[in-house]
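All residue numbers for the sequence shown refer to the working numbering, where the first residue is 1 and numbers rise by one.
Worth flagging that the hints you see were computed from the coordinates, not collected in a lab.
Every residue, glycine too, gets a C-beta built ideally from N, C-alpha and C.
Wrong hints could be hidden among the right ones.
Claimed, not checked - Pairwise CB distance ranges, derived in the manner of DEER restraints:
#: 1; residue 1: A44; residue 2: K102; range: 53 to 61 Å
#: 2; residue 1: V274; residue 2: E104; range: 13 to 21 Å
#: 3; residue 1: V274; residue 2: P116; range: 33 to 41 Å
#: 4; residue 1: L241; residue 2: G52; range: 21 to 29 Å
#: 5; residue 1: G267; residue 2: R45; range: 29 to 37 Å
#: 6; residue 1: R249; residue 2: K102; range: 23 to 31 Å
#: 7; residue 1: D220; residue 2: Q100; range: 50 to 58 Å
#: 8; residue 1: R250; residue 2: A85; range: 39 to 47 Å
What the hints assert, rightly or not - Only pairs whose alpha carbons sit at most 20 Å apart, straight line, appear in this in silico DMTMM-like list of lysine to aspartate or glutamate:
#: 9; residue 1: K202; residue 2: E190
#: 10; residue 1: K131; residue 2: D246
#: 11; residue 1: K197; residue 2: E184
#: 12; residue 1: K131; residue 2: E243
#: 13; residue 1: K202; residue 2: E184
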Amino acid sequence: MPIKHYLREPLLHFLILGAALFAISGTLPKRTTGEPAKIVVSQARIEHLAAGFTGTWLRPPTAEELDGLIRDYVHEEVYYREATAMGLDRDDAVIRRRLQQKLEFVSADIADLTQPTEEQLRVYLQDHPDKFRIGSRLTFSQVYLNRERHGESLPSDALELLWQLRQVGKNSDASLLGDPSLLESQFFDEAAVDIAKQYGEKFVTTLNGAPLGEWQGPVDSSYGVHLVLVERRTEARTPALEEVRDAVRREWNNMQRLETTRKFYDGLLKRYTVTVEQSPSIAETANKRR
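Model the full assembly from the supplied sequences, consistent with the hints where possible.
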């Protein structure tokens, strides 16, 4: 009879499972007494289970559902205790990383208990101005000229159109002039950094140096050539604490959390002597890569 036939037999499956359970039971730690270990489902635990159910389903559990939650908790606790007693939590990268994260969460919670004073926030803002710096902003109009469409006559066409625009000044409707395109003709209080992403740094540099209220050009961009009218320019500045208090508080809390976690780890590390063993071949390979 083929071997595949035996592999399909339920009796063989039962024998293999029984052998596995027998082998596992041999690895379990022996009870020092005949009494079984105790699992106490406290009232606090039951309330925690009920709160978790309520948070998920937006209603409290029924008595039957609560019994099910308790049974699931006992089921989980039994497997957890037996697995740790067998040492299954050791040398498991996922479990090790999870335990590390939980311990880091403890130190982070300690840091969150500390709230900064106004003076601490003010000092943090002074020491880290670039984190909260408000960039320059521009309000301007632009008329687009397509290089390919104008060809060699582009310089003269741009100068002629520039002369026309200067005659009418701010009253000209930029959207009706120049060559057709999908580009906006007017920008209101736009962040210079966003304009640079679209038109290029050189374009923004030219706008930052252009006089206000007068058509200028031609100005090159990543799209082509433009005639521009800058109406308002807000220079970059470091804001007052009142303007960015929430952002400063978030950054201060994050800094405090990182510092507390570092100190917490340093304190734990002092309890250990770390020895790093390295084979000569690995050391030689590492030295060659330097």
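Outcome of the hint check:
For the pair A44 and K102, the beta carbons lie near 19 Å from each other, so the given range of 53 to 61 Å is not met. Taken as a hint, the range 13 to 21 Å holds for the pair V274 and E104, whose Cβ atoms sit roughly 19 Å apart. As the Cβ distance of V274 to P116 is approximately 35 Å, the hint placing it in 33 to 41 Å holds. Separated by about 40 Å at the C-beta atoms, L241 and G52 break the suggested range of 21 to 29 Å.
Roughly 31 Å separates the CB atoms of G267 and R45, a value that falls within the hinted 29 to 37 Å. Checked against the given bound of 23 to 31 Å, the beta carbons of R249 and K102, roughly 26 Å apart, stay inside it. Between D220 and Q100 the beta carbons are some 54 Å apart, a value that agrees with the proposed interval 50 to 58 Å. For the hinted restraint 39 to 47 Å between R250 and A85, the CB-CB distance of approximately 44 Å keeps it satisfied.
With a C-alpha separation of about 16 Å, the suggested pair K202 and E190 falls inside the 20 Å cut-off, and the hint holds. The hinted pair formed by K131 and D246 meets the criterion: a straight-line CA distance of about 13 Å does not exceed 20 Å. About 14 Å separates the Cα atoms of K197 and E184, which keeps this hinted pair within 20 Å; it holds. Only pairs whose Cα atoms come within 20 Å are accepted, and K131 paired with E243 is accepted, the gap being roughly 13 Å.
In summary, the hint linking K202 to E184 is supported, as the alpha carbons are separated by about 18 Å, within the 20 Å threshold.
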